[in-house]
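Peer 1: For this one, chain A is given, so just place chains B and C on it according to the hints.
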Amino acid sequence: MITPFQVAYKNLLRKKVRSLLTLVGILLSTWVLVSLFGFNRGYEAALNRDIDNMGYQLMVMAKGCPYEAATLMLQGGKGLRYMDQSMVDEITRQPGVDRVTPILMQAFFDPNKGDSGGIAGFYGVDAGSYPAMKPFLRFRKGGWFHDNAANEVVMGYEAAELEQREVGDMTMVPEKNVPLKVVGILERTGSQDDGTIFVPLKTLQRISQTNQITTIGIKVKKDADMEKLENTLYQLKDVQVVSFSQVKQTVMKLIATARVMVLSIAIVAVLIAMVGVVNTVLMSVLERKQEIGILKTMGAMPGDIFRLVWTETLILCSLGGVAGIGFALVFARVTDLLARSVLPYAPSGGLVAIDLRLSLLTLAIIVSVGLLSGLYPAWKAGRIRPLESIRGE
Amino acid sequence: MAENGWSLQARQLTRVYHRGSEQIQALDGVSISIRRGEFVSFMGSSGSGKTTLINLLGCLDNPTSGELELAGKSIFGAGKPLGERELTRVRREVFGYIFQNFYLIPTLTVQENVALPLAFYRKPGVEGEVERLLKMLGMEHRMNHLPGQISGGEMQRVAIARALVNRPEILLADEPTGNLDTKRAGEIGEILQDLNRSAGLTIVMVTHNPGLARLGGRQIEMRDGRAFES
Amino acid sequence: MRNAFLQLVLLALLLFGLGAAPALAAVACDLNNPERDVPRLFPESTSYKTSYVSIPKLGGTPLLRRIESRLGVQYLPLYAPIDVPYTLYEVYRDKKKIGYIHGVNQKGQFGGIQVFMSQDLTGRVKTFYLQKITGSAASKFREAKFAKKFEGLTLRDFDSYDPVRGKGTGRVAEIANPSPELETDFYGILRGLKKNLILMDEFVFAPERGKP
Numbered sequence: 001m002i003t004p005f006q007v008a009y010k011n012l013l014r015k016k017v018r019s020l021l022t023l024v025g026i027l028l029s030t031w032v033l034v035s036l037f038g039f040n041r042g043y044e045a046a047l048n049r050d051i052d053n054m055g056y057q058l059m060v061m062a063k064g065c066p067y068e069a070a071t072l073m074l075q076g077g078k079g080l081r082y083m084d085q086s087m088v089d090e091i092t093r094q095p096g097v098d099r100v101t102p103i104l105m106q107a108f109f110d111p112n113k114g115d116s117g118g119i120a121g122f123y124g125v126d127a128g129s130y131p132a133m134k135p136f137l138r139f140r141k142g143g144w145f146h147d148n149a150a151n152e153v154v155m156g157y158e159a160a161e162l163e164q165r166e167v168g169d170m171t172m173v174p175e176k177n178v179p180l181k182v183v184g185i186l187e188r189t190g191s192q193d194d195g196t197i198f199v200p201l202k203t204l205q206r207i208s209q210t211n212q213i214t215t216i217g218i219k220v221k222k223d224a225d226m227e228k229l230e231n232t233l234y235q236l237k238d239v240q241v242v243s244f245s246q247v248k249q250t251v252m253k254l255i256a257t258a259r260v261m262v263l264s265i266a267i268v269a270v271l272i273a274m275v276g277v278v279n280t281v282l283m284s285v286l287e288r289k290q291e292i293g294i295l296k297t298m299g300a301m302p303g304d305i306f307r308l309v310w311t312e313t314l315i316l317c318s319l320g321g322v323a324g325i326g327f328a329l330v331f332a333r334v335t336d337l338l339a340r341s342v343l344p345y346a347p348s349g350g351l352v353a354i355d356l357r358l359s360l361l362t363l364a365i366i367v368s369v370g371l372l373s374g375l376y377p378a379w380k381a382g383r384i385r386p387l388e389s390i391r392g393e
Numbered sequence: 001m002a003e004n005g006w007s008l009q010a011r012q013l014t015r016v017y018h019r020g021s022e023q024i025q026a027l028d029g030v031s032i033s034i035r036r037g038e039f040v041s042f043m044g045s046s047g048s049g050k051t052t053l054i055n056l057l058g059c060l061d062n063p064t065s066g067e068l069e070l071a072g073k074s075i076f077g078a079g080k081p082l083g084e085r086e087l088t089r090v091r092r093e094v095f096g097y098i099f100q101n102f103y104l105i106p107t108l109t110v111q112e113n114v115a116l117p118l119a120f121y122r123k124p125g126v127e128g129e130v131e132r133l134l135k136m137l138g139m140e141h142r143m144n145h146l147p148g149q150i151s152g153g154e155m156q157r158v159a160i161a162r163a164l165v166n167r168p169e170i171l172l173a174d175e176p177t178g179n180l181d182t183k184r185a186g187e188i189g190e191i192l193q194d195l196n197r198s199a200g201l202t203i204v205m206v207t208h209n210p211g212l213a214r215l216g217g218r219q220i221e222m223r224d225g226r227a228f229e230s
Numbered sequence: 001m002r003n004a005f006l007q008l009v010l011l012a013l014l015l016f017g018l019g020a021a022p023a024l025a026a027v028a029c030d031l032n033n034p035e036r037d038v039p040r041l042f043p044e045s046t047s048y049k050t051s052y053v054s055i056p057k058l059g060g061t062p063l064l065r066r067i068e069s070r071l072g073v074q075y076l077p078l079y080a081p082i083d084v085p086y087t088l089y090e091v092y093r094d095k096k097k098i099g100y101i102h103g104v105n106q107k108g109q110f111g112g113i114q115v116f117m118s119q120d121l122t123g124r125v126k127t128f129y130l131q132k133i134t135g136s137a138a139s140k141f142r143e144a145k146f147a148k149k150f151e152g153l154t155l156r157d158f159d160s161y162d163p164v165r166g167k168g169t170g171r172v173a174e175i176a177n178p179s180p181e182l183e184t185d186f187y188g189i190l191r192g193l194k195k196n197l198i199l200m201d202e203f204v205f206a207p208e209r210g211k212p
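Just so you know, the sequences run in chain order A, B and C.
Sequential numbering of the first sequence, starting at 1, is according to our numbering.
Sequential numbering of the second sequence, starting at 1, is according to our numbering.
Sequential numbering of the third sequence, starting at 1, is according to our numbering.
These are calculated hints, taken from the structure and not from any lab test.
Don't be surprised by glycine CBs; every beta carbon is placed ideally from N, CA and C.
Hints are supplied without guarantee of correctness; some may be wrong.
As the list claims (entries may be wrong) - A few chain A residues that don't get close to chain C, going by computed Cβ distances all over 12 Å: (1) Thr-3; (2) Tyr-9; (3) Ser-86; (4) Asp-89; (5) Arg-99; (6) Gln-164; (7) Met-172; (8) Gln-235; (9) Arg-259; (10) Ala-269; (11) Ala-364; (12) Tyr-376; (13) Trp-379.
Claimed, not checked - Keeping only pairs whose Cα atoms sit at most 27 Å apart, straight-line, the calculated DSS-like set for lysine-lysine is: (14) A:Lys-10 to B:Lys-135; (15) A:Lys-113 to C:Lys-195; (16) C:Lys-148 to A:Lys-113; (17) A:Lys-15 to A:Lys-289; (18) A:Lys-113 to C:Lys-96; (19) A:Lys-113 to C:Lys-140; (20) C:Lys-57 to A:Lys-113; (21) A:Lys-380 to B:Lys-183; (22) B:Lys-73 to B:Lys-123; (23) A:Lys-176 to C:Lys-195; (24) C:Lys-149 to C:Lys-107; (25) C:Lys-140 to A:Lys-181; (26) A:Lys-181 to C:Lys-149; (27) C:Lys-107 to A:Lys-176; (28) B:Lys-73 to A:Lys-10; (29) A:Lys-219 to A:Lys-63.
Looking at chain A on its own, in the form it has when it is part of the complex (with noise of 0.2 Å):
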């Protein structure tokens, strides 16, 4: 027995270029859409899953010109402006404020680092607090400091590989040249921790001969008025504050340009293949008008041979998406990586984040835009009248 269904795509079989070419069109236009949703998907998620990482939502640090400072932090590690430690308290008062942790950032001189020397990184944290604002951190081995004022650090995992650290060995500060001991190794977390040599925060306040911290970490309570509580903090002296959800903001907004276009061109991508589709689908109609008469003559109603050619765009429109959202998987490293060197901020992690439900959203929408495109060849297929078609010769 033989069904409309193997009449439909055993026709398209018949011009094998021309289908596969229509094919291709959709393919590309597929993967450009899957993939397009995919970033937006995977970029805010990884957004987030950094700014999770950091522990906490809000951070408030020294006022000072931030340019200037950042900067001269990568020229050399001056100018890092101070704050008190008493604007713990403060903060902690303020309602809405769940947690605090004081973090003193620290760089220092090392001229043995490369050819003309470079500086190296510390990151105090205060014993009690950090651990606590972090507990989803994991230790290779070892563990957290035992005391605040103790001479040991914690490495994150690619800082101690790069200097070929384990539990029990020493490790320097350099300019300053006081030893301390690796009491904990982190494993890999993607995030910048993996990079960061954590010190006790009176340790290195010691070392740096200083009473002072530059950051204060702030976890805010689930049910706060997160606009209040930041306008409050705005008001403190000398103090800025960096909310990581404005700055999620920020960067969502400078890569919204980037989303739309992308968008457009994907849209423009869509509409180009359906054209194909319609093209392809048309003129194997018209080719072919000798055949759907005597399929009229065989019993054929007009909806049969509708339903028909429909299927043959069904089939193009089915078999290009999915090819096109298997590309959109097998390459979504490059993509990632595309979109990384294209970007002006991307967050750790993958970028392009592909899962079924997407992939099927994007399917539907190929399908349906293919369907709606395949209405007129469909249609002009279901008029023909048997007899015009047979004595047309």
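Peer 2: For chains B and C alone, kept in the frame of chain A given last:
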């Protein structure tokens, strides 16, 4: 439909074509009656109207005026031309068609071509008809071949099988041997004759071939849109 | 807008951390600036080619075992899976290959030591270079006069000297430690050099000897 002795009655069938401003009277008031089980051949030169007549009798076209009845039931004649859906319904109940150019689907096998009408419409009781017809017409050994791999005569056999798969009452044959050599034409003629005599199939045929025309019981000549029975 | 941008800059810096910028393949050694370093380590060179070799590609586990037995110790302690790629710089003068540059990461007292050497086509050490070492007195190891002591050294010189025990005779034994307070690093450098020579012998010179 399967009552004994029904007839296909045509009364004053007229068909006028318009080509630009020109009017062509292809059929001029033809009345004819074809009884169940008859084998009728229409002969005539080009433009005589035989093809137009067979198209009307086979419900492939609407007449400009006139009536057509089958077993007392009116097909044309209510004054309103039938739409494509209604014509299709009548066609698939009553008629099977074969043409000069065979019109097999090149991407389907012989078996699939014969079974194709069943994909759209199936009369009750036609299970096994495909295999039976292929065997009867001597084509079962070519079941899995494509039309491009068989001869013209074989293609017409397949076309006949396809036309009969839904057990039509009437087989309409429009120049069935037009593209065949004498030998194959003769074979097809015999097949048609056999179908008419042993299976009682009603056949309405248009042909240029006098030898073929004589195989049937009745010959009607068409001239200038009119029918003349010999 | 400016404020938002600055927030972003700051955050990006904080997120990426200061200093400790981990290389992707932190275990193997790359020159920080090959364009600058290659001519310095090989003055007569005109160009170089960077290639990557790894133990699985060159011989797999049997090769690893051979290297370990030549070193005399368990060779790959931390952070060095078998398939880590080693960066090899092939140095050319016009179209002619004139030597190699290769670096290894060695564990030092306070941090990793990156031991680089350039070799001629016979495997003789031409120049010796410590790209990185940690420690206050470590700068003595980076002085030119210390590096000069290694010029002309070959793998054979380590036949009569064991850098693990620090005992033996010959050229290597004659090299004095310029920073006695950093004994671990001194012997670490020697071990790093021996490791470098053995790896180069296995990766490059032995296969070349084996060619007809």
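Peer 1: For each hint given before, does the structure comply? Return the numbers of the non-compliant ones in rising order.
Peer 2: 6, 7, 18, 20, 21, 23, 26 and 28
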